[in-house]
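Just so you know, the sequences run in chain order A and E. If you use the working numbering, the first sequence corresponds to residues 1 to 156, in order. If you use the working numbering, the second sequence corresponds to residues 1 to 260, in order.
Any given hint could turn out to be false.
Straight line, CA to CA, 25 Å or less: simulated BS3-like cross-link-like pairs of lysine-lysine [unchecked claim]:
| no. | chain 1 | residue 1 | chain 2 | residue 2 |
| --- | --- | --- | --- | --- |
| 1 | A | K23 | E | K167 |
| 2 | A | K81 | A | K60 |
| 3 | A | K23 | E | K78 |
| 4 | A | K81 | A | K66 |
| 5 | A | K151 | A | K134 |
| 6 | A | K81 | A | K69 |
| 7 | E | K78 | E | K158 |
| 8 | A | K80 | A | K93 |
| 9 | A | K69 | A | K80 |
| 10 | E | K78 | E | K167 |
| 11 | A | K23 | E | K13 |
| 12 | A | K23 | E | K53 |
| 13 | A | K66 | A | K85 |
| 14 | A | K80 | A | K66 |
| 15 | A | K23 | E | K61 |
Derived coverage of chain A by chain E (criterion: at least 3 residues anywhere in the stretch with Cβ under 8 Å from a Cβ of chain E; other residues may be distant) [to be verified]:
| no. | segment |
| --- | --- |
| 16 | 66-77 |
| 17 | 102-111 |
Treat the hints as calculated values from the structure; they're not laboratory data. C-beta atoms are modelled at their ideal positions from N, C-alpha and C, and glycine is treated no differently.
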Amino acid sequence: MNINATLLGELIAFVVFVIFCMKFVWPPIIAAIEARQAIIADGLAASDRAAKDLELAQEKATAQLKEAKVQAASIVDAAKKLEAKIVEETAGKAQVEKERILASGHAEIETERNRVKEELRAQVAVLAVAGAEKILERSIDAAAHSDILDKLVAEL
Amino acid sequence: MSAAELTSQEYIKHHLTNLTVGEGFWTWHLDTLGWSVFLGFIFLYIFHSVAKKATTGVPGKLQSAVELVVEFVDDSVKSTFHGSNPLIAPLALTVFVWVLLMNAMDWVPVDILPWLIATVGGVEMSDVYMKPVPTADPNMTFALAIGVFILTVYYSIKVKGLGGFMKELYTQPFNHWTMYPINFVLEMVTLLARPLSLALRLFGNLYAGELIFLLIATIGLFQLPVHFLWAAFHLLIIPLQAFIFMMLTIVYLSLAHEDH
């Protein structure tokens with residue numbers, strides 16, 4: 001154990017090293033470390049927030065999907081109802097039209113038949129008269145039937 | 001047998017002799033001074049080169065390694081010292097890395113440096129004195145401990161005032177006026193035991209380690225596996241002693257900041 005001037009030299013070296021470390025080594029390194037820690041903390045917080053946002057968005061999307069499904073179902077329902085209504089209405093209209101057409105057809109046929117009947121009747125009368133004339137022409141023997149004719153003439 | 005013993009004694013004594021200049025108190029241990037300053041420069045050069053280029057983005061490998069040490073020291077300081085003092089953390093870093101590097105000189109095989117100097121300088125190995133572990137020199141460890149002690153007293157007076165510091169010395173642990181002299185003796189022992197134990201612990205561990213290396217070096221052929229075992233054991237001793245020295249430095253300085 002020989003303590004000597006070396007101790008003073010080492011003490012000076014120690015002081016110089018500590019001062020140098022305090023001025024030029026420690027502050028920049030610890031500043032860089034702390035700045036990076038802040039950056040990492042921010043990044044982690046941001047990723048947390050993003051994860052939360054994603055969760056919210058997913059929930060929202062699910063809700064919207066559900067709503068959309070309900071809406072779609074109601075739209076399909078309404079469409080079905082409308083379709084049934086349209087079919088029903090159309091069927092009713094068609095029935096009415098059919099009856100109208102049938103009725104007008106019947107009426108026309110009736111008119112035609114009446115007209116033909118009328119015509120036939122007129123012609124039958126003419127034919128009857130013509131027939132009668134023919135018959136009469138042949139059977140009338142002026143001599144034999146002169147008495148009848150005479151009576152007729154007498155009656156006129 | 002006695003001749004061989006004498007030889008190994010001489011061998012060990014030779015290896016435990018410093019390279020000196022000067023006389024009496026004004027003797028300088030050139031090996032201790034040279035190696036410690038050289039290692040201090042290595043520490044400051046590496047850390048300063050990182051500090052100049054320190055980026056907050058993705059750090060390089062060297063920066064990561066340096067930041068690992070800095071964060072380790074910073075955590076140790078923050079877990080013990082709760083005030084704000086811009087000196088303590090850089091002081092702890094300097095103490096830790098410097099002592100670690102100086103302790104690590106223990107791993108340099110005991111005969112390599114003298115052999116190199118003898119070969120390069122063309123002198124006899126018996127004329128070469130080289131003790132490359134600065135912390136195995138009490139001058140080194142006492143310089144560190146006294147530096148810490150001065151800071152402890154300085155901050156005690158700065159924080160508590162000269163009166164407060166003196167009052168602590170004689171009102172503890174028995175706060176009664178009749179006990180003041182006894183308190184003063186006890187507190188002075190406490191105060192002075194700190195730098196003494198700080199210096200002697202580090203010195204004792206490294207000096208003993210060095211001594212065992214030298215003893216192993218004298219046992220002949222089987223020294224290689226034994227050297228390996230002892231060096232592997234120093235994987236524990238070297239960082240542990242550096243860590244203890246740093247921790248106690250922090251503890252003593254944080255005690256200086258505490259009011260009782």
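| Are the Cα positions of K80(A) and K93(A) separated by 25 Å at most? | With a Cα-Cα distance of about 20 Å, the restraint between K80(A) and K93(A) holds, given a limit of 25 Å.
| field | Pair hint K23(A) and K13(E), alpha-carbon separation not exceeding 25 Å | value | Measuring from Cα to Cα gives roughly 42 Å; hence the hint is violated.
| message | So if I understand the rule, the pair passes when the alpha-carbon distance is 25 Å or less; does K23(A) with K53(E) pass? | response | Holds, because 15 Å separates the two Cα atoms, which is no more than 25 Å.
| Proposed proximity, K78(E) with K23(A) (alpha carbon, max 25 Å) | holds (20 Å)
| request: Quickly compare the C-alpha distance for K69(A) and K80(A) to 25 Å and report which way the hint goes. | output: holds (16 Å)
| message | Hinted pair, alpha-carbon criterion (25 Å max): K78(E), K158(E). Please report holds or violated. | response | holds (21 Å)
| request: Would you check the hint for K80(A) and K66(A), treating anything up to 25 Å between C-alpha atoms as holding? | output: holds (21 Å)
| said: Next pair to validate is K66(A) with K85(A); report whether the Cα-Cα distance is within 25 Å. | reply: With a Cα-Cα distance of about 29 Å, the restraint between K66(A) and K85(A) is violated, given a limit of 25 Å.
| Within 8 Å of chain E's CB atoms, at least three CB atoms from the segment 66-77 of chain A: coverage verdict | violated (count 0)
| message | Please verify whether K23(A) and K167(E) have alpha carbons no more than 25 Å apart. | response | Between K23(A) and K167(E) the Cα gap is close to 34 Å, so the pair fails against 25 Å, i.e. violated.
| field | Proposed proximity, K61(E) with K23(A) (alpha carbon, max 25 Å) | value | Roughly 24 Å between the alpha carbons, so the hint for K23(A) and K61(E) holds.
| task | Apply the coverage criterion to the segment 102-111 of chain A and chain E: a residue qualifies when its Cβ sits closer than 8 Å to a Cβ of the chain, and three qualifying residues are needed. | result | violated (count 0)
Checked against the numbered hints given earlier, this structure breaks hints 1, 2, 10, 11, 13, 16 and 17; the rest are met.
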